[in-house]
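Respectively, the protein sequence lines represent chains A and B. Residues in the first sequence are numbered consecutively from 1, following full-length UniProt numbering. Residues in the second sequence are numbered consecutively from 1, following full-length UniProt numbering.
One or more hints might be untrue.
What the hints assert, rightly or not - Some, not all, of what chain B presents toward chain A, calculated at C-beta under 8 Å: (1) Glu17; (2) Leu18; (3) Ile19; (4) Gly20; (5) Thr27; (6) Ala28; (7) Gly113; (8) Leu114; (9) Thr122; (10) Arg123; (11) Thr125; (12) Leu162; (13) Val165; (14) Gly167; (15) Val171.
Calculated from the structure, these hints are not laboratory results. It should be emphasised that the depicted structure is a prediction, and the values quoted were computed from it without experimental measurement. Quick reminder that beta carbons are idealized off the backbone N, C-alpha and C, glycines included.
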Amino acid sequence: MSWSAVTVLGADRPGVIAEVTSAITRSGANIEDSAMTLLGGHVAMMLLVSGEVPPASAFPGLTVTATEVTPRRSAGDTAGLGYVLTVHGPDRPGIVSEISGALAGASGVVTGMTTHLCGRLYVLIADVRLPEKVDVAALMRHLSAVGAGLGCEITFRPAEAEVL
Amino acid sequence: MAAGAPREALPGGVCRELIGAPHPVLTAKALPVDPTDPQVVAAAADLLATMRRSRCTGLAAPQIGLGWRLFSVDAGRHPATRSCAGEFVVANPRLVSASHWETAREGCLSVPGLTGGVPRATRITIQGEHPGSGAPLTVHADAFEARCIQHQLDHLDGVLFLDRVTGTRAVYRVAQKAVRQVT
Numbered sequence: 001m002s003w004s005a006v007t008v009l010g011a012d013r014p015g016v017i018a019e020v021t022s023a024i025t026r027s028g029a030n031i032e033d034s035a036m037t038l039l040g041g042h043v044a045m046m047l048l049v050s051g052e053v054p055p056a057s058a059f060p061g062l063t064v065t066a067t068e069v070t071p072r073r074s075a076g077d078t079a080g081l082g083y084v085l086t087v088h089g090p091d092r093p094g095i096v097s098e099i100s101g102a103l104a105g106a107s108g109v110v111t112g113m114t115t116h117l118c119g120r121l122y123v124l125i126a127d128v129r130l131p132e133k134v135d136v137a138a139l140m141r142h143l144s145a146v147g148a149g150l151g152c153e154i155t156f157r158p159a160e161a162e163v164l
Numbered sequence: 001m002a003a004g005a006p007r008e009a010l011p012g013g014v015c016r017e018l019i020g021a022p023h024p025v026l027t028a029k030a031l032p033v034d035p036t037d038p039q040v041v042a043a044a045a046d047l048l049a050t051m052r053r054s055r056c057t058g059l060a061a062p063q064i065g066l067g068w069r070l071f072s073v074d075a076g077r078h079p080a081t082r083s084c085a086g087e088f089v090v091a092n093p094r095l096v097s098a099s100h101w102e103t104a105r106e107g108c109l110s111v112p113g114l115t116g117g118v119p120r121a122t123r124i125t126i127q128g129e130h131p132g133s134g135a136p137l138t139v140h141a142d143a144f145e146a147r148c149i150q151h152q153l154d155h156l157d158g159v160l161f162l163d164r165v166t167g168t169r170a171v172y173r174v175a176q177k178a179v180r181q182v183t
């Protein structure tokens, strides 16, 4: 069975998710994984779909792309230790690229990221997985230096799973 | 619940402008104060006046532009409050015990438009001093009041709730009027 990465972008309105998912279900395909958010008043969906993806005409008013993919385990799925990164400070260009570059330099994998702009305040939250042998203290010092250069505050702390 | 010397009446304060992030005073460690200093007593009164006007449940001195270890709390109006010490201001507060952790959403007047899921102790004890006399003050708090007090303590250490959220999916945009402010 083929798998596709499907992206959906369009103006947010009530019912848009139901329309997209209904069209996929009617075509006999299955949604294996998904993420959805609102970006500047637009709904943005990313779906991993198994089976035949319906044609673009099945999604009126929406921009839809489908790319065939082979499912694979991500480097950040299970390996290493989980951390949460918070960055906040005045908005300026380059925050995401510099922070993600610092993490990549320590072989960190960003498994999730959200950013928010509230007035002048820019906020970045990231879920990060690090290999177990990374010198976390050294990475934290490096992140602090990068944050200071950006005029931002940075906190980097272990993710605490509440397993019940 | 508060224990220690009887609460003293503070002079009438003035409502001050609220400081929003990003601002250096919100990310710096606040300095200890002399609780008997008339300027500190006046600041305590201003905190109360500003907190009442803002209809929030707590306010820390950095939020009105003062890098001092001083905050006010009044959790009495909040529906999640159980026991309540009422309205109080404390100088040089320190956390002496904390237990029973829970994660819940909180917001902040200095970070309008966002809330976040933050783990906090739901049973705490703090000790500090009354502004004015400098007499010792102990507060045992639970539930929402404990959350509110820990949020204020964080402000005195230059920490925002954003620094404690549990992950990328624990930050939420909200209409600013809809935010139930912890501060």
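So, going through the hints one by one against the coordinates:
1. Hint status for glutamate 17/B relative to chain A: violated, with the closest Cβ pair at about 15 Å, above 8 Å.
2. Hint status for leucine 18/B relative to chain A: violated, with the closest Cβ pair at about 13 Å, above 8 Å.
3. Contact between isoleucine 19/B and chain A, as hinted, is not supported at the beta carbon level, the nearest pair being about 12 Å apart and thus beyond 8 Å.
4. At about 7 Å, the closest approach between the beta carbon of glycine 20/B and any beta carbon in chain A falls short of 8 Å, and the interface hint on this residue holds.
5. Because the smallest distance between the Cβ of threonine 27/B and any Cβ of chain A comes to about 5 Å, under 8 Å, the interface hint for this residue holds.
6. With a least beta-carbon distance of about 10 Å to chain A, the hint placing alanine 28/B at the interface is violated under the 8 Å criterion.
7. Taking 8 Å as the C-beta contact cut-off toward chain A, the hint placing glycine 113/B at the interface holds, the least distance being around 4 Å.
8. At its closest, the beta carbon of leucine 114/B sits 6 Å from a beta carbon of chain A; the interface hint therefore holds under the 8 Å criterion.
9. Evaluation of the threonine 122/B hint against chain A yields a violated restraint, the C-beta minimum of about 14 Å exceeding 8 Å.
10. A hinted interface residue such as arginine 123/B counts as satisfied when its beta carbon comes closer than 8 Å to some beta carbon of chain A; here the least separation is about 18 Å, so the hint is violated.
11. Look at threonine 125/B: its Cβ only gets to about 23 Å from chain A, farther than 8 Å, so that hint breaks.
12. This hint holds: leucine 162/B has a C-beta 5 Å from the nearest C-beta of chain A, less than the 8 Å allowed.
13. Among the interface hints, the one on valine 165/B holds; its C-beta lies about 6 Å from the nearest C-beta in chain A, closer than the 8 Å criterion.
14. Using the Cβ-Cβ criterion of 8 Å, the hint placing glycine 167/B at the interface with chain A is satisfied: the shortest such distance is roughly 5 Å.
15. With a least beta-carbon distance of about 5 Å to chain A, the hint placing valine 171/B at the interface is held under the 8 Å criterion.
Consistency with the previously given hints fails for numbers 1, 2, 3, 6, 9, 10, 11, ordered from lowest to highest.
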